[in-house]
Amino acid sequence: MTIISNVTCPVCGSLCDDLEIEVKNNVVTKVKNACGMGESKFLGYSAHRPSKPLIRKNGELVEVTLADAVKKSAEVLANASYPILYGWSNTCCEASSVGIELAEEIGGVIDNTSTVCHGPSVLSIQDVGYSTCTLGQIRHRADLTLYWGSNPWSAHPRHIERYTNFTEGRFRHSEWHRYLSSLSAYRSKKRVERACKLAEEIHEATAETTAVPEQPRQLPHSLFEKERKMIVVDVRRTRSADIADCFLQVEPNKDYEIFQALRTLLRDDELQVDSVGGVPVEVLEDLVDVLVGCEFGVLFFGVGLTMSEGKLRNIEAGISLVRDLNQYTKFMIMPMRGHYNVTGANIVSTWQTGYPFAVDMSRGYPRYNPGESSVVDILSRGESDAALIVASDPVAHFPKKAVQSLVESPLIVIDPEMNATSLMADVVFPCAIAGVEAEGTAYRMDRVPLPLKKVVKPSRAFLSDQEILRRILREVRRIKKKTAEVVANG
Amino acid sequence: MPSLSVTLLTGRTLRQGQGKEYGKLSDRYWKSVAICEIDPNDLTKLGIKDGKAVRITTVHGSVAVRAVKSIRGSHPGRVFVPYGPWASVIVDPETHGTGMPSFKGIQASVEPAGDEERTLTLQELLHAHYGKPRGSQ
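Top line first, the protein sequences correspond to chains L and S. Counting from 1, one number per residue, gives the positions in the first sequence under my numbering. Counting from 1, one number per residue, gives the positions in the second sequence under my numbering.
In isolation and in its complexed conformation, chain L is listed as follows (with noise of 0.2 Å):
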């Protein structure tokens, strides 16, 4: 039995590097440290795996060489007028920069999952910049975090024990003692509520209550009083905001209105509503008081604000409360990145074509126009005839006019499990896990790089997939020196 220490997890954004696996005869018997998503990786990793390539034939996906793979994925993108290679986030940054290369080969249009994820961010960023800092910098000094549009606590299981609220730093002390003792307090008055209601509705017939909560009037005073605050805003009721020292519920897609009704109060001008997205104007200012009381204060937002309406204005609304706050106090801001990965594939994109996601090679040199070369908009144009998608899965999480149009056309999968997009696909790779059994460099969500380890052998030799996509580089090239030789002698 081996015990290998400080393992980078390769699941969410948070990217914790204090994982403890414990390895039996090349498998993982036990994990440590880990959260739930993370537990699962390790130890379910091997349930749902080809044992080797396949190649769709009459309608069914059958094994095939590993060679012949590779042969068929080459002439499919070497033929093909405007391939689409998309994924790279849930893998590691040497896939991504190979699977660059092939892109510019093929003359296709490489895009990553931030398009349908922070995509929206990362075009508010380059329009207006914004202040951030790294999460060690939070973790140590921090004493307001707000998460906004985001659930750290179902996405980012760890976020809050070890960047920020329930976290130990050097000058801000963590809160989970006193958040242990208000747990307990919730319960009994949750324990009396329940009593009292059942004692009701045996003297009582019970009445239908559609009433909503109200919304209170003015933020908890204790608020003001506590060293480190946590504050979530949110469309719904989430197991972060059962953990906040306070929640605000905002009505759906009013996010903008809210953060331009922020600013609007910092600069001590009135609002002539009662009411901005469902939150009490009063609550607004509490809030205002709040966060320009703060000496370190950090928003994280979510992709509640990306995928509802207004997208980028969203989140150029949230950069610029954060700008403002500046003037008065400490202020960051950071998107809460979803795959653990995400932002390495962006940063190697931008190395090496100057954009951080979906990049148009297809007139043999970069371009950059979101909403014409992004995947999701070239596949609803039905313009692509041909695709690469590697560790990800956009039949399931594309919409339905997007996937139908992905399926029509040759689909080329590079993925370490069967998944719904690989159940669809002409060509499966089975290969080795970034982070498992393959060892790679990561991007934790505040750009800071990690390394993944390799904790086991890959089970079936494995290639990992930077080598699949090597071969299928090579192979492409030899196909397109051959033709050309061709049209040389006429």
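By construction, these hints were calculated from the structure, which means they are not laboratory data. Hints are supplied without guarantee of correctness; some may be wrong.
Below, simulated BS3-like cross-link-like pairs (lysine-lysine); rule was C-alpha separation at most 27 Å, straight line [said to hold, decoys possible]:
#, chain 1, residue 1, chain 2, residue 2
1, L, K72, L, K52
2, S, K45, S, K69
3, L, K32, S, K31
4, L, K254, S, K69
5, L, K197, S, K31
6, L, K24, L, K457
7, S, K45, L, K197
8, L, K400, L, K24
9, S, K69, S, K52
10, L, K400, L, K57
11, S, K49, L, K190
12, L, K453, L, K30
13, L, K72, S, K49
14, L, K189, S, K69
15, L, K197, S, K69
16, S, K52, L, K400
17, S, K69, S, K31
18, S, K45, L, K190
19, L, K197, S, K49
20, L, K30, S, K31
21, L, K453, L, K52
22, S, K31, L, K400
23, L, K57, L, K454
24, L, K71, L, K52
Remember, it's a predicted structure, so these values are computed and weren't measured experimentally.
Chain L is fixed; fit chain S onto it per the hints.
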């Protein structure tokens, strides 16, 4: 049959995250994403109980999923479906020139599913919406 006009939200849940990491073809994944969290009062209005199938319809598509009583707070008129193939067939593909479709805040209607309807498995869903009969490993 009762029908409710609602705002559809999609998003991440911890169970969905665990299910996807455990395996997209697993029963665990199916159970975690082919669901719709509905406010308890809205369930009463629809006349159905927790665990029964509901049909969610938007202008972009329609899908049957299992209704789950929402345990956090009251949010009448807002339903939540975790990210996954079931949510994807009803979301808005319009990107408004940004590359990002609209996955949240979509107008939808919810009604109890017909007697013969049930929540499709992943393979059945792919076959029903994307046509090609595809074999799995």
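Now the hints, each set against the structure:
no.	hint	verdict
1	K72(L) / K52(L)	holds, 15 Å
2	K45(S) / K69(S)	holds, 13 Å
3	K32(L) / K31(S)	holds, 26 Å
4	K254(L) / K69(S)	holds, 25 Å
5	K197(L) / K31(S)	violated, 31 Å
6	K24(L) / K457(L)	holds, 12 Å
7	K45(S) / K197(L)	holds, 21 Å
8	K400(L) / K24(L)	violated, 43 Å
9	K69(S) / K52(S)	holds, 10 Å
10	K400(L) / K57(L)	holds, 25 Å
11	K49(S) / K190(L)	holds, 23 Å
12	K453(L) / K30(L)	holds, 16 Å
13	K72(L) / K49(S)	violated, 51 Å
14	K189(L) / K69(S)	holds, 22 Å
15	K197(L) / K69(S)	holds, 19 Å
16	K52(S) / K400(L)	holds, 25 Å
17	K69(S) / K31(S)	holds, 14 Å
18	K45(S) / K190(L)	holds, 25 Å
19	K197(L) / K49(S)	holds, 20 Å
20	K30(L) / K31(S)	holds, 25 Å
21	K453(L) / K52(L)	holds, 24 Å
22	K31(S) / K400(L)	holds, 21 Å
23	K57(L) / K454(L)	violated, 35 Å
24	K71(L) / K52(L)	holds, 15 Å
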